[in-house]
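Both chains are sitting in their own frames, so use the hints and assemble them into the complex.
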Amino acid sequence: MKPLTLNKTRFAAGALALFALSLPAQAYLPFVDDDDDEEEEESKEVPEEEKDQYLLVHNADIHTGAGEVLRGASLLSKNGKIAEIGYDLEVPGRDFFTEIPEEERDFRLRTIDAQGMRVYPGIVVISSSGLTGTGGDFRDSINPFSQNMVLGLAAGITTTGSGRAAVKLKRYVEQEPPLPYDFDGVVLSESTYASVSYTSSSARRSAREKFARAAEYLREYRAWQTLVKKDKELKEPDKKGVDSTTLEILQGAVFARFRASERDDLLNIAMLAQEYNFRPIIEGCREGWTVADDLGRAGAMAIITPRERRDKDERLVREGGSSIENAAILSKAGVQVAVVPQSKGVSLDGIVGRDIMHLPVEVGFAIRGGLSDDLAMASITTVPARMMGIGHRVGTLEIGKDADLIVTDGDLLHYQTFVQYTVIDGQLVYDKQQELYFSHIRPRAEAEPKVELAPEEVLDAGENPDEDGDEGEEHTDGDDDEGGEGDDD
Amino acid sequence: MILNTLLMAASPLLAPVPAVPDVMAVKVGRAETVSDGSIPNAVILIEDGKISVVGEDLPIDSGIPVIDLGPDSIAMPGLVNCYSRQGLDSRGPNDSRPGTRASDEVYPAYRDYVELLEAGITTLGLYPAGNGIPGRAVAIRPQGDTADEMIVADDAYLKILLRSNSGSKKMIRDGFKEADEYKEEVVKAKEKWEKAKEKWDKEKKKKEEDRDKKVSDPGPFTPPEPKPEAKAFQELRDGELKALISISTAADYLHLVDAVGEEEFEWDLRIPVNRNLDIFHVKRQIGELGVRVVMEPTTSLHPNTRRLRNLPAELSESGAKLVLVPRSDSLSNQQGWRRDTAELVWAGLDRETAIRAMTLEPAELLGLGDRLGSLSAGKDANILFFTADPFEPGTKIHAVMLEGKVVHGEIR
Numbered sequence: 000m001k002p003l004t005l006n007k008t009r010f011a012a013g014a015l016a017l018f019a020l021s022l023p024a025q026a027y028l029p030f031v032d033d034d035d036d037e038e039e040e041e042s043k044e045v046p047e048e049e050k051d052q053y054l055l056v057h058n059a060d061i062h063t064g065a066g067e068v069l070r071g072a073s074l075l076s077k078n079g080k081i082a083e084i085g086y087d088l089e090v091p092g093r094d095f096f097t098e099i100p101e102e103e104r105d106f107r108l109r110t111i112d113a114q115g116m117r118v119y120p121g122i123v124v125i126s127s128s129g130l131t132g133t134g135g136d137f138r139d140s141i142n143p144f145s146q147n148m149v150l151g152l153a154a155g156i157t158t159t160g161s162g163r164a165a166v167k168l169k170r171y172v173e174q175e176p177p178l179p180y181d182f183d184g185v186v187l188s189e190s191t192y193a194s195v196s197y198t199s200s201s202a203r204r205s206a207r208e209k210f211a212r213a214a215e216y217l218r219e220y221r222a223w224q225t226l227v228k229k230d231k232e233l234k235e236p237d238k239k240g241v242d243s244t245t246l247e248i249l250q251g252a253v254f255a256r257f258r259a260s261e262r263d264d265l266l267n268i269a270m271l272a273q274e275y276n277f278r279p280i281i282e283g284c285r286e287g288w289t290v291a292d293d294l295g296r297a298g299a300m301a302i303i304t305p306r307e308r309r310d311k312d313e314r315l316v317r318e319g320g321s322s323i324e325n326a327a328i329l330s331k332a333g334v335q336v337a338v339v340p341q342s343k344g345v346s347l348d349g350i351v352g353r354d355i356m357h358l359p360v361e362v363g364f365a366i367r368g369g370l371s372d373d374l375a376m377a378s379i380t381t382v383p384a385r386m387m388g389i390g391h392r393v394g395t396l397e398i399g400k401d402a403d404l405i406v407t408d409g410d411l412l413h414y415q416t417f418v419q420y421t422v423i424d425g426q427l428v429y430d431k432q433q434e435l436y437f438s439h440i441r442p443r444a445e446a447e448p449k450v451e452l453a454p455e456e457v458l459d460a461g462e463n464p465d466e467d468g469d470e471g472e473e474h475t476d477g478d479d480d481e482g483g484e485g486d487d488d
Numbered sequence: 000m001i002l003n004t005l006l007m008a009a010s011p012l013l014a015p016v017p018a019v020p021d022v023m024a025v026k027v028g029r030a031e032t033v034s035d036g037s038i039p040n041a042v043i044l045i046e047d048g049k050i051s052v053v054g055e056d057l058p059i060d061s062g063i064p065v066i067d068l069g070p071d072s073i074a075m076p077g078l079v080n081c082y083s084r085q086g087l088d089s090r091g092p093n094d095s096r097p098g099t100r101a102s103d104e105v106y107p108a109y110r111d112y113v114e115l116l117e118a119g120i121t122t123l124g125l126y127p128a129g130n131g132i133p134g135r136a137v138a139i140r141p142q143g144d145t146a147d148e149m150i151v152a153d154d155a156y157l158k159i160l161l162r163s164n165s166g167s168k169k170m171i172r173d174g175f176k177e178a179d180e181y182k183e184e185v186v187k188a189k190e191k192w193e194k195a196k197e198k199w200d201k202e203k204k205k206k207e208e209d210r211d212k213k214v215s216d217p218g219p220f221t222p223p224e225p226k227p228e229a230k231a232f233q234e235l236r237d238g239e240l241k242a243l244i245s246i247s248t249a250a251d252y253l254h255l256v257d258a259v260g261e262e263e264f265e266w267d268l269r270i271p272v273n274r275n276l277d278i279f280h281v282k283r284q285i286g287e288l289g290v291r292v293v294m295e296p297t298t299s300l301h302p303n304t305r306r307l308r309n310l311p312a313e314l315s316e317s318g319a320k321l322v323l324v325p326r327s328d329s330l331s332n333q334q335g336w337r338r339d340t341a342e343l344v345w346a347g348l349d350r351e352t353a354i355r356a357m358t359l360e361p362a363e364l365l366g367l368g369d370r371l372g373s374l375s376a377g378k379d380a381n382i383l384f385f386t387a388d389p390f391e392p393g394t395k396i397h398a399v400m401l402e403g404k405v406v407h408g409e410i411r
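Taken in sequence, the protein lines are chains A and B. Here numbering that gives the first Met the number 0 is used: the first residue of the first sequence is 0, the next is one more, and so on. Here numbering that gives the first Met the number 0 is used: the first residue of the second sequence is 0, the next is one more, and so on.
Extracted from the complex, chain B is given alone in its bound form (with noise of 0.2 angstroms):
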């Protein structure tokens, strides 16, 4: 209690305290925050559970526990895999289902959610299983006894499958169409109540015996139920959700452009990398729209020969904002995204991209770039610690902090 006082009076820097407030400084070596590029020396002040200053030597007032990491240590932002299927199993439809929530299927008990949080990754972007369009994707921190413990942010994005055939590009095409029945639909029933509105205004100014029986009160409007696709696509048009959608060659991107035609709303691409991928044929054209490209760290072949080729970072420098996932979901995979990811910035991959890849990038993907991602005032603090540089091969991660509290490894 004592303490709590001193520190209240200590404070100019914290100006709403709150009562109990959880206060506590870092100071690293070097702080990658992402927003803000790299800073030396750093102190970074977390305030319950959100990071309330970073700074350069900032001067920390007495009172608040200060932990020193020494010189040679990196702080960064806790990794965002924006993509994937952990702890849960992998069957679904093939057909288009809007309305599906990975959020339905969040299974807290998943043995492995301890070991992500270990490997650094502080929040997941689970999607639901299946072709064509599964459904809405669900953003989770990997810690919590039940689902909407774990939940940070429902609807995430919206998963498309997009293949060159045309029962996919005709899926986009209905979605957007469904969503136009709708409003037609809702126009007639507009005109409808209004007709029965108007009746009962003419019946009600009429005495309670001469009413019509028949004639009663509409009430309020309103509209009729959407069908999942109608409100999905309505979403997506009105903005309030965005997709994201997966191809898998070039060809698909430039199908993609036919079904989507003149209609506008906000998307961002998954593209698997694969041995022969040959989305280097059209990474101008992706560039210059300036979506986000959910891609593997790894290198692959230029087709038919034995060449490297550096897809995500060919992309990145065309003008897309890339983002980076785990190779797959296996748990060594997820342990070693940072070292793929090392790898890929060892071939050409600018460092910075590589950092935000996995990090802002995909936490704005998941529509939660103002609250993850960085090491910004405000934020959250997912934060990882290390004592070495994270891209180095054989460097661990010293600590990991979810929320402004220590998950793994320690802190002193």
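With the rest of the complex left out, here is chain A (with noise of 0.2 angstroms):
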């Protein structure tokens, strides 16, 4: 099958080639977009940083997230941006552009062979700590070399909630030539949720007052929007007392994010919901269980952590306390569920499994308890997208999509799959095989390991991977020594 569709391209590029040459030179038009009309000038010497960056994944098994599976199919993408998913695609490079040296052409193509892979969009974590910089301020502490982010990657996270904006794990990738490093992608978005505190009566109270008093500005707000068209002097409605946040969170623009876990909390919640009609997304939500039909029409949305161990409270009757089928019995009542495990950030000690790097694994725990296949991969991609307000940038491959991607050897949520490429922004910038963390455990077939951890002077303890197959080499002489010996015996 797979073959076929190679030569099937093989041939079309043939012709695009035949068909090319027929045309005079300036008119070589790249046959990638057919919706972009840029005219192609016929500027010899384009900017490194202006040329048009395509990357294409072919061969996988691209489970887009958004619906469909497409077996054996390529994406591309354009500078960043997923430009086309499918097959037979025309790609720059791989049709008459491949007579022109790499280096003559107008773009840069970078190409990764997914044969046998699946190819997921890349992993949203909705809170982490440590990925990416240290401050509030992204965009200016980003440390795009950090160990933690590469394990992040590993993990095939591409995005994740930082404090309170939503922030991607951009490597710094070395390519040649070099490009500077892409600072304004960083932060997806500097506020994605407005916290409320609503667990305790004094929060309760103060919590509801802002929300009385902001839907009390609100429509009379509305009211002046219709009546200043008849009466021009009517005067703005005051906002004296009015919590913004508050309003923003009535308005739609900020989701409010409660921490809740238990029962009457949780109901305290749905019902302020309710009566002031917004979406709030519950963290912890333990006993959401128990009021998944309430949480449900209250439009609630929750984090959960599928681990999570508590008993009830032995002196109450009514049902309590962590139940494994937690995220199956909540999303049945219609609540979305995303997903975080115990650990939010990289841990390397401990009990392991628990940090932000076996979030897949977390996951699995509640596929579990009953939650499906599909709805578990939406809980660490749309959901916490959506909740984020970045839906519209990352959690599916679709076109016009961040190009974000992973491409795994096996089934995203079993636990014995491993990530091998990771793709931000259309960059590679994960490679297991290029990376010291997990490139001897099962490698690749056709790479061979090439980890260049440091330069040759260095004084090595035998470690490097080219050493151990020198290494390799001398054990099976000395076997064969021995196999010697024993002869003579």
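Hints in this document: simulated from the structure, not taken from any laboratory. Quick reminder that beta carbons are idealized off the backbone N, C-alpha and C, glycines included. Just to be clear, a hint being listed does not mean it is correct.
[Unchecked claim] In silico lysine to aspartate or glutamate, EDC-like type, Cα no more than 20 angstroms apart, as pairs:
no. : chain 1 : residue 1 : chain 2 : residue 2
1   : B       : 169       : A       : 235
2   : B       : 169       : A       : 47
3   : B       : 169       : A       : 136
4   : B       : 182       : B       : 262
5   : B       : 169       : A       : 181
[Unchecked claim] One side of the interface only, derived from the structure: several residues of chain A facing chain B at Cβ under 8 angstroms:
no. : residue
6   : 106
7   : 139
8   : 142
9   : 144
10  : 146
11  : 180
12  : 223
[Unchecked claim] Residues from chain B that face chain A, not an exhaustive set, calculated with beta carbons under 7 angstroms:
no. : residue
13  : 145
14  : 163
15  : 164
16  : 165
17  : 168
18  : 250
19  : 253
20  : 260
21  : 263
22  : 277
Shown next, in the form of structure tokens:
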């Protein structure tokens, strides 16, 4: 099936080449974007920064996250956005451009052969710590070389909520010739949510006051909007005492995020949300499964940790405590669920598998509790993206969205699966075989492990993969010798 | 007096002979000139505290005292430690104070200066303490009774500390903004002055009695006094001052490039070497810029591994100009500077680069490349004499010469 597709592509390329040869040189038009009506100018030298950048992932099973799975398909990104997904794509550099030496082309093309692999949208995690910068201003504090960022990419994470911002794990990529680092692409959104406290009685009172005043103002304002058309002199309603954040929540500009786990608190939030008609995000939501219908009716969304364990309060007769079915039950009731692991950072000690690097494993426990595979995927892609108000850019693989994707060697939610490549904004930022961390575990067959750790002169303890090979040879020699000795005996 | 006359008659090499020339020739087995490579059987002619000529087997006129240190002896330029707080305390502000000068802090009575000289350090670059933009460095000789006697050159470089955060980046951008604003201010002041001048010129043509009393002579144009930030950053732009920017990670470098933007000025880098330094990520970019990098002579580990990296050597090979400084300001580290550098040479750093990194390159950084840092004609006679290879363990300094005077050891 796959070789056939390849042949077809070649055939198409050949035909195009023939067609192109019959045209004068300046009429070479890139066939990639039919909708893109850029007039190709005759300019000889295009500066590196202005060259169109293409990335092609081909021969993969593409899980778009938007419903369909395309087997043996390809994905082409142009300048960081997904340009095409499907079969027999027109790819510059794989048609008549093949005749033009790479350095003379007015574009850059990078290809990933994902034969036998799967492509998923990059994982979006609703909150994490330590994967990007240190300070609040992530544009100016990001560390594009940090170990944690690489480990995050190795886990397939491409976007994370960090504080109130949504940040991409934009690693600095060494390329020839070098391009400047895209600082402006780091932060997707500065404020992704508004935090509301609603678990203590005093917090509830103050929150209710804010909501009441903001709702009153909003009513007055809307009335004024219609009345002012008749009476131009009419004054705008007084904004005094209106909490601007609460107003934004009611206007739908930003989601309110609550932190609550107990049944009574959850019900209170659901009532508040119904009364003021907004969609709450509830972090924790441990006993959500006991009041799932109420939360569903209130349009709530939940951020949960499926492996959370807490017994119910023994003094109460009603159901309570944690449940592995929480995600499944909430989803059935219409509550959109996002999943986070117990530890939000990368932790390389302690109990393995509870940190941010094991997000897919955590989701696996939600599946164990009855959540469907599709919703499980959504809980680490589309749902968190929607919660942060960045769903129009990340979370699924669709034309026009950011080219943030991962290539895996199996089902993403399987414990054995490794992320082989991670792509952010159409740039390859992680390749398992090129990194220190997992290159030695089930290495890709076609790729020679060539981790460049330190230059040649450096003293080495014999851990270098190349030297491993040498050692291996020596080993066989040794075995031979032993064999020889055996013969002698 | 007779000797002097003799000398004058017998020295065709010394073209303009001063009244009382203080001349001396030293013969060494090898001279590491730094600027002109290694010269075997070198003769160094020293006159009035300056090197007047260096060459292989130069004929020496009779009458000039000649000191032959033997075939195993080696001479090299005095060491220049361009990045130090030796003799100064370490508290400083965190904000932008580019007007501050380390020269105001110089403390001649500091006890360790003698020992620094004995360790071969003949020039020190002292920087002002603090984070942010702490101010301007000064180049001193570690000898003298007053600060003025010690100072070789002031405003050697402007120290800037850049870290990956918005405040730090803003400090650089704001500095240039201040300079822009000052420029506008000057233009406005000039316009105002021109108007006043025009008015005065008109008034001047009238007779004394008819003149408007309110109009007076504005005098010559004096530009308004700039703020220290504006002044320093304008000097950077004009090339009168250079910056030494301290960064600690590869990320800092990218943020620096982002903060500097289109602005053009001369800057070098200070990169403290710590155990997990990751600067190799950007070594190619730094190398292509060809800036100086001020580093300690120490190897580090590839992050999260046990693999040694010789980052000073790597950066030097990438094209950066390496400047080495002692591992810290402690006396033992200053004394062990040569030994530490030798270890780096053993770990792969080019030997000539290493010597250059302790002498001429730091001298250039201090803006004293034409006065110090190499054994060549016209430079200050800051010379170290050894009886064996200075990079061999255990080699002690035989003698130290500071501006023609032997300040440690003896040469006979």
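Here's how the hints hold up against the structure:
Of the pairs offered as hints, the one joining residue 169(B) and residue 235(A) is violated, with about 39 angstroms between alpha carbons and a cut-off of 20 angstroms exceeded. Between residue 169(B) and residue 47(A) the CA atoms are separated by roughly 28 angstroms; this puts the pair beyond 20 angstroms, and the hint is violated. For the hint linking residue 169(B) to residue 136(A), the alpha-carbon distance of about 12 angstroms falls within 20 angstroms, and the restraint holds. For the given pair, residue 182(B) sits about 16 angstroms from residue 262(B) by alpha-carbon distance, which is consistent with the 20 angstroms threshold.
Under the criterion of a C-alpha separation no larger than 20 angstroms, the hint pairing residue 169(B) with residue 181(A) is consistent with the structure, at around 18 angstroms. Interface restraint check: residue 106(A) against chain B, minimum CB-CB distance 23 angstroms, threshold 8 angstroms, status violated. For residue 139(A), the shortest C-beta to C-beta distance to chain B is roughly 4 angstroms, which falls under 8 angstroms, so the interface hint holds. A distance limit of 8 angstroms between C-beta atoms decides the matter here; for residue 142(A) the minimum to chain B is near 4 angstroms, and the interface restraint holds.
Contact between residue 144(A) and chain B, as hinted, is supported at the beta carbon level, the nearest pair being about 5 angstroms apart and thus within 8 angstroms. At a threshold of 8 angstroms, the smallest CB-CB gap from residue 146(A) to chain B is about 6 angstroms, leaving the interface hint in force. Look at residue 180(A): its Cβ gets to within about 5 angstroms of chain B, closer than 8 angstroms, so that hint holds up. Interface restraint check: residue 223(A) against chain B, minimum CB-CB distance 39 angstroms, threshold 8 angstroms, status violated.
Proximity of residue 145(B) to chain A is violated relative to the hint, the smallest CB-CB distance being about 45 angstroms (cut-off 7 angstroms). Because the smallest distance between the Cβ of residue 163(B) and any Cβ of chain A comes to about 5 angstroms, under 7 angstroms, the interface hint for this residue holds. The restraint placing residue 164(B) at the interface with chain A holds, with a minimum CB-CB distance near 5 angstroms, inside the 7 angstroms limit. A cut of 7 angstroms between beta carbons decides the hint on residue 165(B): the least distance to chain A is about 4 angstroms, and the hint holds.
Against a cut-off of 7 angstroms between C-beta atoms, the interface hint on residue 168(B) holds, since the closest Cβ of chain A lies about 5 angstroms away. Interface restraint check: residue 250(B) against chain A, minimum CB-CB distance 4 angstroms, threshold 7 angstroms, status holds. Interface restraint check: residue 253(B) against chain A, minimum CB-CB distance 5 angstroms, threshold 7 angstroms, status holds. A cut of 7 angstroms between beta carbons decides the hint on residue 260(B): the least distance to chain A is about 11 angstroms, and the hint is violated.
Annotation: residue 263(B) was flagged as interfacial toward chain A, and the flag is violated, the nearest CB pair being 16 angstroms apart, outside 7 angstroms. For the restraint placing residue 277(B) at the interface with chain A, the shortest Cβ-Cβ distance is roughly 5 angstroms, inside the 7 angstroms limit, so the hint holds.
Of the numbered hints given earlier, the model fails hints 1, 2, 6, 12, 13, 20, 21; all others are met.
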